[in-house]
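As they're listed, the protein sequences go chains A and B. If you're matching positions, the first sequence starts at 1 in the numbering used here and goes up one per residue. If you're matching positions, the second sequence starts at 1001 in the numbering used here and goes up one per residue.
I should point out that these hints are in silico values taken from the structure, not numbers from a laboratory. In this text the structure is predicted, and so the values were computed from the model without any measurement. It is possible that some hints are incorrect.
Claimed, not checked - Okay, derived cross-link-like pairs now, DMTMM-like style, lysine to aspartate or glutamate, Cα gap no bigger than 20 Å in a straight line:
1. 113(A) - 1113(B)
2. 113(A) - 1121(B)
3. 98(A) - 126(A)
4. 1072(B) - 76(A)
5. 75(A) - 1101(B)
6. 1072(B) - 126(A)
7. 123(A) - 1067(B)
8. 75(A) - 87(A)
9. 113(A) - 1092(B)
10. 1072(B) - 32(A)
11. 123(A) - 1070(B)
12. 107(A) - 44(A)
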Amino acid sequence: MLTYDIFDNVFQLRNVLDSFFDETARNYRGREYPFVQRFEGEDEILFRVLVPGVTRENINIELVDTSLVIEGEKKEDHSDNPYLRRERMFGKFRKSIKLPYRVDPEKITADMKHGILEIHLVKSEDAKPKKIEIR
Amino acid sequence: MATREYAEKEKYNGEECRLVPPSDIFETPDEYSLKLEMPGVMRENLDITLDNDELMIRGRIGGEKEETMELKYSEYTLHDYERKFMVGNDIDRDSIHANLENGVLTLTLRKRESVKPKKIEISTH
């Protein structure tokens, strides 16, 4: 059973403020558009990139040495009409992500669905560890 | 008091968390157009309801296969989306059109005939 305590609300507000300063600062400091998630498996990497409103034709993925470069443009889909509310952002973007190891440039696949870009990379053969036999 | 605090924490960290999709609203003489960014939502997981003057938009995340790989680095977290708008009397409630493309939901709310701008002819005697 719960009883009403006026201090509950005060503490609640403190929690809200704390989480705002903590979490936004810790998790999202200096992140660059577009936002990514990196999954790693055995000898493979998967990037999930949030790109709502960007079409397949307007995005370019390049492998530069050991970095993955995602470049593109999110075009405005409504330019002339007067707006009542505007919260979305548009424009050109470019993001370079350093990969943890060299990947096979022939085996990169990318897929776009529901506004999420998935890039799948496989570790290159010469980056894999090699056992050296002692004669 | 302790129980309540715990319950709220669960709610905050758990599934009860909702994302508010960033939205644009545009107006033309004939219609209102709403654009909401909801990446990761599939057509069948979208739920749009108009109850009195409340337009509620909900989108569930998931339905795809679980990722077997380990998440190593993350700049965002996906949650279910939820956003409510209040609509006025000037829209035609029967002809609301929704379209989901590239993670962007476009809702078209047509205005009622009676509120559309009309040109008034001046009759001369």
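- Given hint residue 1113(B) paired with residue 113(A) - CA-CA distance at most 20 Å: 38 Å, violated
- Restraint check for residue 1072(B) with residue 126(A), where alpha carbons must lie at most 20 Å apart: Since the Cα atoms of residue 1072(B) and residue 126(A) sit roughly 23 Å apart, the hinted pair is violated (cutoff 20 Å).
- Could you grab the alpha-carbon distance between residue 123(A) and residue 1067(B) and see if it respects the 20 Å cut-off? 19 Å, holds
- Restraint status (C-alpha distance of residue 113(A) to residue 1092(B) at most 20 Å): 32 Å, violated
- Item | Satisfaction of hint between residue 32(A) and residue 1072(B), Cα-Cα up to 20 Å | With a Cα-Cα distance of about 17 Å, the restraint between residue 1072(B) and residue 32(A) holds, given a limit of 20 Å.
- Message: So if I understand the rule, the pair passes when the alpha-carbon distance is 20 Å or less; does residue 113(A) with residue 1121(B) pass?
- Response: Outside the cut-off at roughly 51 Å; violated.
- Message: Check whether the Cα positions of residue 107(A) and residue 44(A) lie no farther apart than 20 Å.
- Response: This hinted pair holds, its Cα atoms lying about 10 Å apart.
- Does residue 123(A) pair with residue 1070(B) here, judged by a C-alpha cut-off of 20 Å? OK: residue 123(A) and residue 1070(B) at ~16 Å, within 20 Å.
- Task: Assess, step by step, whether the Cα of residue 98(A) is no farther than 20 Å from the Cα of residue 126(A), and give holds or violated.
- Result: Holds - the C-alpha atoms of residue 126(A) and residue 98(A) are around 18 Å apart, at most 20 Å.
- Take a quick look at whether residue 75(A) and residue 1101(B) sit within 20 Å of each other, Cα to Cα. Holds - the C-alpha atoms of residue 1101(B) and residue 75(A) are around 14 Å apart, at most 20 Å.
- Pair hint outcome, residue 1072(B) versus residue 76(A) [Cα-Cα no greater than 20 Å]: Answer violated: residue 1072(B) to residue 76(A) is near 33 Å, above 20 Å.
- Query: Given the hint that residue 75(A) pairs with residue 87(A), does the C-alpha gap stay at or below 20 Å?
  - Reply: 15 Å, holds
Hint violations for this structure: numbers 1, 2, 4, 6, 9, all remaining hints satisfied.
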